[in-house]
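*Asks:* The primary structure of each chain is shown beneath.
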Amino acid sequence: MRLTGFPSIVINSVLMTATTVAATRPHYGGTLHVQTAGTVTTLDPADTSQAETLAARNILALMFDTLVVLNERGQPQPGLAISWQAEPGSQRWQFVLRPGVRFSDQAPMTPEDVAASLRRVNPAWKVTSTDTVVVIQLDTASPDLPAELALARNGIVKIESGKAIGTGSFVLSQWDPGKRLSLSARDDYWAGRAFLDSIEIDNGKNFREQAIAFDMGQSQLIEIPPDQTHHATEARQLRTSEPNELVALVFARDAQTPEEAKQRQALALSIDRQTLNRVVLQGGGEPAGSLLPDWLTGDGFLFPVNANLIRAQQLRAEIPQAELWNLGFDVNDPLARVLAERILLNANDAGLRLQLASQGNPDIRLVRVRLLSLDPHVALMELAKSLGISPPRFLGSSADDLYHAESAIMQSQRVIPLLYLRTAWAVSKSVRNMTDGDDGTWRLPETWLAKP
Amino acid sequence: MKLRRKLLAVFALTVFLCVTTVAWLISYFARRNFEQASERRSAALVERFDREFSSVGSNVARRVESIASGETAVRMAISMNQGPPDYGAYLEDAKTLAQAQQLDFLEFIDEQGTILSSAQWPAKFGYKTTPPGSVSLFFQREDLPDGAVLGLCAMRKVDAGGKPLFVIGGQRIDRQFLVGLELPPGMRALLYENLGAGAAPPHVIDPFGVAPEIGPLAELLEKIRNNPTEQSAVVRWLPDEDDEVVHAMPLVGRGRELLGALLLTDPLRPYLELRRQIRSTSLFIGSGGILLAILLSGWMAARITRPVEQLALAARQVAAGNWNTQVSVGSSDEFAELAQSFNQMTGELLEQQERLIQAERVAAWRELARRLAHELKNPLFPLQLTVENLMRARQQSPEQFEEIFRESASTLLTEIANLKAIVSRFSEFSKMPQPQFQSVQVNEVVQESIRLFQPQLAGASRPPIQCRLELASALELIAADPELLHRALSNLILNAIDAMPTGGTLTLRTREQGDRVYLEVGDTGPELSAEECDHLFTPYYTTKAGGTGLGLAIVQSVVSDHGGRISVRSKPGEGTTFSIELPRNAEKLRTTDVARSTSGSS
Chain A
420 MRLTGFPSIV INSVLMTATT VAATRPHYGG TLHVQTAGTV TTLDPADTSQ AETLAARNIL
480 ALMFDTLVVL NERGQPQPGL AISWQAEPGS QRWQFVLRPG VRFSDQAPMT PEDVAASLRR
540 VNPAWKVTST DTVVVIQLDT ASPDLPAELA LARNGIVKIE SGKAIGTGSF VLSQWDPGKR
600 LSLSARDDYW AGRAFLDSIE IDNGKNFREQ AIAFDMGQSQ LIEIPPDQTH HATEARQLRT
660 SEPNELVALV FARDAQTPEE AKQRQALALS IDRQTLNRVV LQGGGEPAGS LLPDWLTGDG
720 FLFPVNANLI RAQQLRAEIP QAELWNLGFD VNDPLARVLA ERILLNANDA GLRLQLASQG
780 NPDIRLVRVR LLSLDPHVAL MELAKSLGIS PPRFLGSSAD DLYHAESAIM QSQRVIPLLY
840 LRTAWAVSKS VRNMTDGDDG TWRLPETWLA KP
Chain B
28 MKLRRKLLAV FALTVFLCVT TVAWLISYFA RRNFEQASER RSAALVERFD REFSSVGSNV
88 ARRVESIASG ETAVRMAISM NQGPPDYGAY LEDAKTLAQA QQLDFLEFID EQGTILSSAQ
148 WPAKFGYKTT PPGSVSLFFQ REDLPDGAVL GLCAMRKVDA GGKPLFVIGG QRIDRQFLVG
208 LELPPGMRAL LYENLGAGAA PPHVIDPFGV APEIGPLAEL LEKIRNNPTE QSAVVRWLPD
268 EDDEVVHAMP LVGRGRELLG ALLLTDPLRP YLELRRQIRS TSLFIGSGGI LLAILLSGWM
328 AARITRPVEQ LALAARQVAA GNWNTQVSVG SSDEFAELAQ SFNQMTGELL EQQERLIQAE
388 RVAAWRELAR RLAHELKNPL FPLQLTVENL MRARQQSPEQ FEEIFRESAS TLLTEIANLK
448 AIVSRFSEFS KMPQPQFQSV QVNEVVQESI RLFQPQLAGA SRPPIQCRLE LASALELIAA
508 DPELLHRALS NLILNAIDAM PTGGTLTLRT REQGDRVYLE VGDTGPELSA EECDHLFTPY
568 YTTKAGGTGL GLAIVQSVVS DHGGRISVRS KPGEGTTFSI ELPRNAEKLR TTDVARSTSG
628 SS
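Residue numbers (this note's numbering), protein chains in the order written: chain A, 420 to 871; chain B, 28 to 629.
These are computed hints drawn from the structure, not numbers from a lab.
Take the hints with a grain of salt, since some may be wrong.
Away from chain B, derived, C-beta distances all over 10 Å, residues of chain A [to be verified]:
hint: 1; residue: 599
hint: 2; residue: 759
hint: 3; residue: 760
Here are the in silico distance ranges between beta carbons for each label pair [what the hints assert, rightly or not]:
hint: 4; chain 1: B; residue 1: 71; chain 2: A; residue 2: 753; range: 44 to 50 Å
hint: 5; chain 1: B; residue 1: 173; chain 2: A; residue 2: 678; range: 23 to 29 Å
hint: 6; chain 1: A; residue 1: 678; chain 2: B; residue 2: 81; range: 49 to 55 Å
hint: 7; chain 1: A; residue 1: 671; chain 2: B; residue 2: 161; range: 47 to 53 Å
hint: 8; chain 1: A; residue 1: 740; chain 2: B; residue 2: 174; range: 52 to 58 Å
hint: 9; chain 1: B; residue 1: 81; chain 2: A; residue 2: 750; range: 33 to 39 Å
Ideal placement from N, C-alpha and C gives every residue a C-beta, glycine not left out.
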């Protein structure tokens, strides 16, 4: 019998609605295939020998929980600690641990485990524990300690037989260091099992390899370089973060003479950041005049970003003999090479002499440094540490204090900010409910895969 | 130099010159042929590399053409005509296309030379470069972030509106390019880069990345800088290495500026080894030839000069008095005629000598007879007068006979004694003894002789004669017979005393010169005429009334027996001086000394 007319339309409508609901409804299972350019050479959050990559940070975040997590606005939220309290002066902090948390080896997480983990990463801290509380005693006031505890390196780790064991939602099931690793969802995770059964991550894949794998359906999540975002937007579902990676020139030492200071100023003024962003990054970033992006601090407009070649040439003319500077960059980073070559041209326009150096100890390094925290104070502190410059001095925790600290670093002329880069991911349409932070981190526990 | 040596030298020199000339000619023509062959080889190589460059250039041009006609270039050209260029959209286009077409350089530029996209320096978008010209294939300096390099480039124009797009692509001319060249064995290809300000200083690289010293090439490079055409030069890289011919093919840019040069080195080692072989062979053959020539020349010279030497020897023998010398006549050439003439000459000389001896002998006998007659006539005449006086006295004055007899007997005895003396002197002259040589100090002989004549010189019965001795000090000993010398000197002294009846000065002088000792005896008596001087030493010639004419003959005989000479000079107012020249007779002196020492030791 064949249905015709209105009944047929009604039945078809019902069936279509049911199908659509089934496709959008969360469900457990499936393996998420991810490819990244960055590599993971260690799975110990405390091991700082590994180059900081977003891939590593995301993977570690899946395996190792922190006491505190930051929300989208950079505000501390409970993690493994359900509450915390600072004594006056912000030098002594007490963190009450979440009960019932177990490591991936089923062992319960104890306060002493937490204290030991924090002491391992922060030897300067005095960390003690009671039955349910961990106490951290600091030498100086640290009002941003909770935000600092949200950093990936402060993930809670238990070392067993040389292996790092965490309390995260996923556990390592297979690892070929630097190439591939597999994570399995934990059924006993304290915040509930993730929808995904597992995640397989291939490391060290260039963009072309990732794009091919993505287009062939072999990967559902790939990393898009900042200068390739315009290609990805056309055919792929693109997730871009706020600018969260600073590209800057870092001098190896402080300026030794007023002439050298002028030369650094001339170099900073000669670089056309707008063109770098527009052409080289093809709009994939923002010109940077400050260390922290405007979306994080709100004071970015106070730091000029426009080039002033005439002023640069004037400053150059005031220098009897300009030094020849070696400009180092990561030769494995094609974007860094183009940026360095353009900086070389800009500097030459101002009458400055730069030469590219792929090895040795250059006078200036072109670096890419990712923001490690959504808390601006912590982010600036970590940024200074990553750049190898003196840490900022905060007089307080206000926005003005942050600005002054940042200005002080800029005035030291050790760093010339150039660009902020955005993190971009191409996500397959089969990946559902994937949220990502402003800093480009994954939020995979709530993600599921659509049924084919 | 003897004739044989002269002939030998002439023959050897002639052969040497001939052999040397032949060797030089062989070496010269061999070198010339090799040089011509090398030039032909070089020309072929240059042509080949011209073709190589043309081939590479065609290849580059084809790829650039492919890019220029491709979708990207056309899209870029259209976009450029529609508005300001979107450099970001082209950023990787040049690089991608260059990789696809395997080009080292690729740039898209507009009419003003503004770079829209660059493969070799992607960040150079918007910057100016050399505006496109009309040349489609050219060498060009390519600026890279880490320096400048040399490229062989092609250019194509893409018209998609009013503003043309230019595509310039190229291949890097560098070490890899040198590696890709196929060279004959032994040859090397070097690249000279002269990329001007902002680039590395002019330098030379080879396929192995080694940078040879530019010094040996300086002259050649200067030549091509001044005149950028193909040039060659012989270069020696190190003092102990062989020469190489370096051919320079200039690589010039669009403005005819010299950007570099391809240097092809052609080692001269094979040529030099072959030339050395030819030279050593020539030297060996030449040396052998010269040696053989010297031997043959010696043999020839000996053969030619032997008759001459025989003649010379014979002539010396004739000169020495051996007039009956004959040379053998062994052939029938000019030397044989000369030998016959020589033999004939000596024969005639011998005959003439015999005739002369015979004539002299007759003359001597006549002179002897005349002297004997003269000498004997003088005493015979008183004898005759005395005997006649005796006979007359016996007949006319018997009473006085006894007295006359006694007087006559006395006169007879006296004259007979004179006769006996004359006979004795002749006998003595005929029995002149041979000198018995021994070491003699001439000064001592002089002093001893003069001592004997001191009474006569003092002049009790005549005016005194002053004696002046001028004897050389440290006179060398000579080999002589002292008795004979004494006798000869005594004769001269006696003659001098006789020559000064009114007194005067007797001078005795000795001196030494070389290996000869001179003894002079001078008087201040009347001078002698030249004729008298000529005949003084002739036997029986005398200027004195009672002289026998044998004294000076004896002196000459003694001097002659000692191998010496005697001469006389006489000048008015100065008197007459006899000079005796005596050789030291060193050989006889040594013999004498040895004999003396032998006898002394025994």
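*Asks:* Taking the hints in turn, state whether each one holds.
*Replies:* Each hint tested on the structure:
1. Every beta carbon of chain B lies more than 10 Å from that of residue 599(A), the smallest distance being close to 29 Å; the non-interface claim holds.
2. For residue 759(A), the condition that its CB be more than 10 Å from all CB atoms of chain B is violated, with the nearest at approximately 8 Å.
3. Chain B draws residue 760(A) into its interface by the beta-carbon criterion, the shortest separation being 4 Å against a cut-off of 10 Å.
4. The hinted range of 44 to 50 Å is satisfied by residue 71(B) and residue 753(A), whose Cβ atoms lie roughly 46 Å apart.
5. Between residue 173(B) and residue 678(A) the CB atoms are about 26 Å apart, so this pair conforms to the stated range of 23 to 29 Å.
6. Taking 49 to 55 Å as the suggested C-beta distance range, the pair residue 678(A) and residue 81(B) conforms, at roughly 53 Å.
7. Hint check: residue 671(A) to residue 161(B), Cβ distance near 49 Å, so the stated range 47 to 53 Å holds.
8. The hinted window of 52 to 58 Å between residue 740(A) and residue 174(B) is violated, with their beta carbons roughly 22 Å apart.
9. Separated by about 37 Å at the C-beta atoms, residue 81(B) and residue 750(A) satisfy the suggested range of 33 to 39 Å.
In this structure, the earlier hints numbered 2, 3 and 8 are contradicted, and the remaining ones agree with it.
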